[in-house]
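Visitor: The chain contents come next:
2 protein chains.
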Amino acid sequence: MSKRLVDVGEDWLVARLLKGLPGRADVLVGPGDDCAVIGRPRAKVWQLLKTDCLIENVHFTRKTEAKRVGWKALCRAISDIGAMAGQPAHALITLAMPNDLEVRWVDDFYAGLGKAARRFGVAITGGETARSPGPIFISVALTGQVERRRCVLRSGGQPGDAIYVTGRLGGSIARKHLDFIPRVAEARWISDRFKPTSMMDLSDGLGTDLPRLAGESGCGYRFAPGLLPRTKGCTIEQAISDGEDYELLFTVTPSVCSQLESAWRREFRRLPLTRIGELLQPSRTRKPATIRGFDHFAPAK
Amino acid sequence: MSKRLVDVGEDWLVARLLKGLPGRADVLVGPGDDCAVIGRPRAKVWQLLKTDCLIENVHFTRKTEAKRVGWKALCRAISDIGAMAGQPAHALITLAMPNDLEVRWVDDFYAGLGKAARRFGVAITGGETARSPGPIFISVALTGQVERRRCVLRSGGQPGDAIYVTGRLGGSIARKHLDFIPRVAEARWISDRFKPTSMMDLSDGLGTDLPRLAGESGCGYRFAPGLLPRTKGCTIEQAISDGEDYELLFTVTPSVCSQLESAWRREFRRLPLTRIGELLQPSRTRKPATIRGFDHFAPAK
Chain A
478 MSKRLVDVGE DWLVARLLKG LPGRADVLVG PGDDCAVIGR PRAKVWQLLK TDCLIENVHF
538 TRKTEAKRVG WKALCRAISD IGAMAGQPAH ALITLAMPND LEVRWVDDFY AGLGKAARRF
598 GVAITGGETA RSPGPIFISV ALTGQVERRR CVLRSGGQPG DAIYVTGRLG GSIARKHLDF
658 IPRVAEARWI SDRFKPTSMM DLSDGLGTDL PRLAGESGCG YRFAPGLLPR TKGCTIEQAI
718 SDGEDYELLF TVTPSVCSQL ESAWRREFRR LPLTRIGELL QPSRTRKPAT IRGFDHFAPA
778 K
Chain B
478 MSKRLVDVGE DWLVARLLKG LPGRADVLVG PGDDCAVIGR PRAKVWQLLK TDCLIENVHF
538 TRKTEAKRVG WKALCRAISD IGAMAGQPAH ALITLAMPND LEVRWVDDFY AGLGKAARRF
598 GVAITGGETA RSPGPIFISV ALTGQVERRR CVLRSGGQPG DAIYVTGRLG GSIARKHLDF
658 IPRVAEARWI SDRFKPTSMM DLSDGLGTDL PRLAGESGCG YRFAPGLLPR TKGCTIEQAI
718 SDGEDYELLF TVTPSVCSQL ESAWRREFRR LPLTRIGELL QPSRTRKPAT IRGFDHFAPA
778 K
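Residue numbers (the numbering used here), protein chains in the order written: chain A, 478 to 778; chain B, 478 to 778.
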């Protein structure tokens, strides 16, 4: 019998899909990082490209406030631009809708999009509406810019680098996943003063995303579960596995840690910054037994 | 009772959605043309942005060859870049799939994408896979570049301009809609030698798209149904209404018509170019009774 998606992992599938696709000289970073990076290697400014989708009954339901769905749809992509220390610029919105959807839902959805666009300086420059014979389907395509000197990839971490997270982890699905604030300002600030060696945003949970970051950097890692900054009421396992935190995960050389931490406290008083572990030589990963990832194609539990 | 999508038209909805969204100074052309145009007004090269989606059981079925679905998905967006005389550059692919989809479908779909990408010089620089609780959803985001001097909008037509179409119209759904060749080379050639005053690609049928082009140009129009270049076996009504032709519709000042036509015959021997009518003063549109458009939210017949 032929393989079905449920039999294979998302990471396996994506790696398979990307084999043999044509490239271009101006693609500096292709699939596998938070965004694609486009430009001439020595240009002062590079372009960032990102898409992200939300699907009814997977990411939200008809009962979810449409305005918050619109906010989240754009902010997820903004978070990825931010995770490379970039600034978001232009968005195109694809919205496929069943025939019986109320026009009011669409208006509210666009109100949420517009609110996020205004806050983060994004112009919605087009897109498409289409009919869906199933759930509501939303896809956001977003461009951004980043100065070459500021751009941070997932792949630059070195053994010994300190690992940090912003904010608090876990419990997002019950609380902030519809209202989170992408850490664009924080990432811009860090990249200007303490250039991280690697960075990404936490979308699938630390338990999935930290191994990705370390893997792209060719490193192992260890972290102290007891040190994780947890959302009030969350267990350590929730902080590791829940996902949808949209906080920054980044690494810096250990020599800048104390300066970074004191400067951060002065600049962002209300947002914690926590050193949770360090990158290691690749063979030396310590994987806590609690780590479990989110796989889009895993059977529902 | 509140309004539902089925009660309102697509054009009405899109116009409503776009009100009140924030802009940016670098958005030269926003929603309403084939692509968004981004850049500084006096820059030599502008960027084009486009998204396009395909949905299972709307645009294709599970029985449609997946490779041809992949080709079509990318070529529809390439056609829009071409319609502004641009060259496509970087694509991001969003693919939401039900759990029971065979991995082979995905492989074949990507083979079709790759074939189109190689032919038109596009790099697939990323994207996303997700789980769909309904049909397969595909969204393609594509960037392109166009020299400022070559860029052709929908809005530059003048009363008296001659209206042309490339190729033959009608019957695409039974034949070429999965295998069409975007007219990038033709549009580049025309824009270099006989800069059109307005241009777009025919996706919803001449009966819908010509009024759009004329409307954006602030013109009326007339065309001779008997002059339409028809796919073999198609009626005039089919040539006007079927849609999915992906041919170019453009206008030029009448003084260049004879030179354009003879140069075209030398350059593109196998592709007809047909003068079908002219733009008029806005009050003077002659709408043949056969004109009928395709509306994504119209009830199925």
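Hints are computed from structural coordinates only; laboratory data are not their basis. Please note that a few of the clues may not be correct.
For chains that are exact copies, the list does not tell them apart, and a pair is met inside one copy or across any two.
Here are the computed lysine to aspartate or glutamate pairs in the EDC-like style, where the Cα-Cα straight-line distance is at most 16 Å [as the list claims (entries may be wrong)]:
| no. | residue 1 | residue 2 |
| --- | --- | --- |
| 1 | K521 | D585 |
| 2 | K480 | D585 |
| 3 | K480 | E693 |
| 4 | K592 | E579 |
| 5 | K496 | D577 |
| 6 | K544 | D584 |
| 7 | K540 | D577 |
| 8 | K496 | E605 |
Visitor: Does each hint hold? Answer for all of them.
Guide: Hint by hint, here is what the structure shows:
1. K521 / D585: Intra 39 Å, inter 39 Å, cutoff 16 Å: neither.
2. K480 / D585: between (40 Å within a copy, 14 Å between copies)
3. K480 / E693: neither (28 Å within a copy, 49 Å between copies)
4. K592 / E579: neither (21 Å within a copy, 39 Å between copies)
5. K496 / D577: Answer is neither; intra-copy 40 Å and inter-copy 23 Å both fail.
6. K544 / D584: within (8 Å within a copy, 36 Å between copies)
7. K540 / D577: Classified as within: same-chain Cα gap 15 Å, cross-chain 27 Å, threshold 16 Å.
8. K496 / E605: between (29 Å within a copy, 15 Å between copies)
Of the numbered hints stated above, those contradicted by the structure are hints 1, 3, 4, 5, listed in ascending order.
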